[in-house]
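Line order of the protein sequences matches chains A and B.
For the record, in the first sequence the residue sitting at position 71 is 71 according to my numbering, with numbers rising by one throughout.
My numbering runs 1000 ahead of the 1-based position in the second sequence.
Calculated from the structure, these hints are not laboratory results.
Ideal Cβ placement from N, Cα and C applies to all residues, glycine included.
Treat the hints with care, since some could be wrong.
[Said to hold, decoys possible] Just so you have them, the derived chain B footprint on chain A, three or more residues with Cβ under 8 Å:
1) 21-29
2) 85-96
3) 110-123
[Claimed, not checked] Chain B is faced by these chain A residues, among others (derived, beta-carbon under 10 Å):
4) E34
5) A38
6) V62
7) S126
8) L127
9) S128
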Amino acid sequence: MTTTDTGQRRRSSDHRPLIPSLIDEATVLSIAEEAWLALVGEDEVLVPLSVELPVDIMSSWVDVVGPWTGSVVLTTGRCTAEALSRALLRESAPEVLEIEDVEDAFGEIANVVGGNVKAALTGPSSLSLPQVGNAPVVRNPADVCRVDVVWRGEPVSISVQGALPPLPVLRPTPQNPLRENEVPL
Amino acid sequence: MRALVIDDSRAMRRIVSSILIGLGYEIRDAGHGREGLDVLDEGWIPDLVCVDWNMPVMDGLQFVSAVRSNPAWRSVTIMMVTSESEHTQIVRALAAGAHEYVIKPFTADAIRDKLALLGLLPQEVAL
Chain A
1 MTTTDTGQRR RSSDHRPLIP SLIDEATVLS IAEEAWLALV GEDEVLVPLS
51 VELPVDIMSS WVDVVGPWTG SVVLTTGRCT AEALSRALLR ESAPEVLEIE
101 DVEDAFGEIA NVVGGNVKAA LTGPSSLSLP QVGNAPVVRN PADVCRVDVV
151 WRGEPVSISV QGALPPLPVL RPTPQNPLRE NEVPL
Chain B
1001 MRALVIDDSR AMRRIVSSIL IGLGYEIRDA GHGREGLDVL DEGWIPDLVC
1051 VDWNMPVMDG LQFVSAVRSN PAWRSVTIMM VTSESEHTQI VRALAAGAHE
1101 YVIKPFTADA IRDKLALLGL LPQEVAL
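Please put together the full structure from these sequences, using the hints given.
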């Protein structure tokens, strides 16, 4: 007899960790604060506060691939991204910042934050080169750890978000009951 | 003293270069490992190379291996400056031939302290 795997059965070994079980908001905030102090300036403070992002935003991110796969995404207004880049470059900032300068500097901040988030996760993972543009979409709202902060009065969000959709939910039926080693998800 | 700074981020190259210039180094920079090897191939042999890990074209680990495979570049001290902070990565870099490892984010003092350990602080700064 031929059987077809409909994907509706999952074994307990199919478990995929979600980011809130691996890292908490306090750790993400602490990583971001350390990056800000070292890269942006010793007096630069991040205030944990949720303020609505402006319409014209920019995101930079790095992808993490390993036992947990997703992205570490920084999002802020374009003007704030430019101010961040100026602060990062300090006296070596050119008078007129080109968009490439902003993308490069804002991407580097995501790289540093992402590298340290990766180090806080269990198991070996790899880190992509930073990217800048429209942030990857959130595939699973349960697989997100987001911290909202204010820097120099402007909102910045730091989001550690999974790249994979939720696993299908197993619902036992009379024809298809739960068996040993199967777990409802 | 001479230093070669290799990082795909121009911002990070400027930051590291600025610290080293402040310590009295003469600087050249490169955007990835292959460009870094080109500088060495020209005959511009630095005392110190600060190299990132994740870069396009040739990453930092490949660069370290390439430098260590050439006896003419034996005198070059290599310090990895990277956001790769897992212990296994640090061990890999040191095993490949890097002398020191600095994790981003870093402060100017952290770079200075590492250089002091390596005996690479210019004399007038070390005093």
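Hints, verified against the model:
1. 21-29: violated (count 0)
2. 85-96: Per the Cβ count (6), the hint holds.
3. 110-123: As far as the segment 110-123 of chain A goes, the hint holds, because 7 residues have Cβ atoms under 8 Å from chain B.
4. E34: Holds. Min distance 6 Å.
5. A38: Check passed: Cβ of A38 of chain A comes within 3 Å of chain B, closer than 10 Å.
6. V62: Because about 9 Å separates V62 of chain A from the closest Cβ in chain B, which is inside the 10 Å limit, the hint holds.
7. S126: Holds: closest Cβ of chain B sits about 9 Å from S126 of chain A, inside 10 Å.
8. L127: 6 Å, holds
9. S128: With a minimum Cβ separation of about 8 Å from chain B (threshold 10 Å), the hint on S128 of chain A holds.
This entry does not satisfy hint 1, going by the numbered hints stated previously; all others are met.
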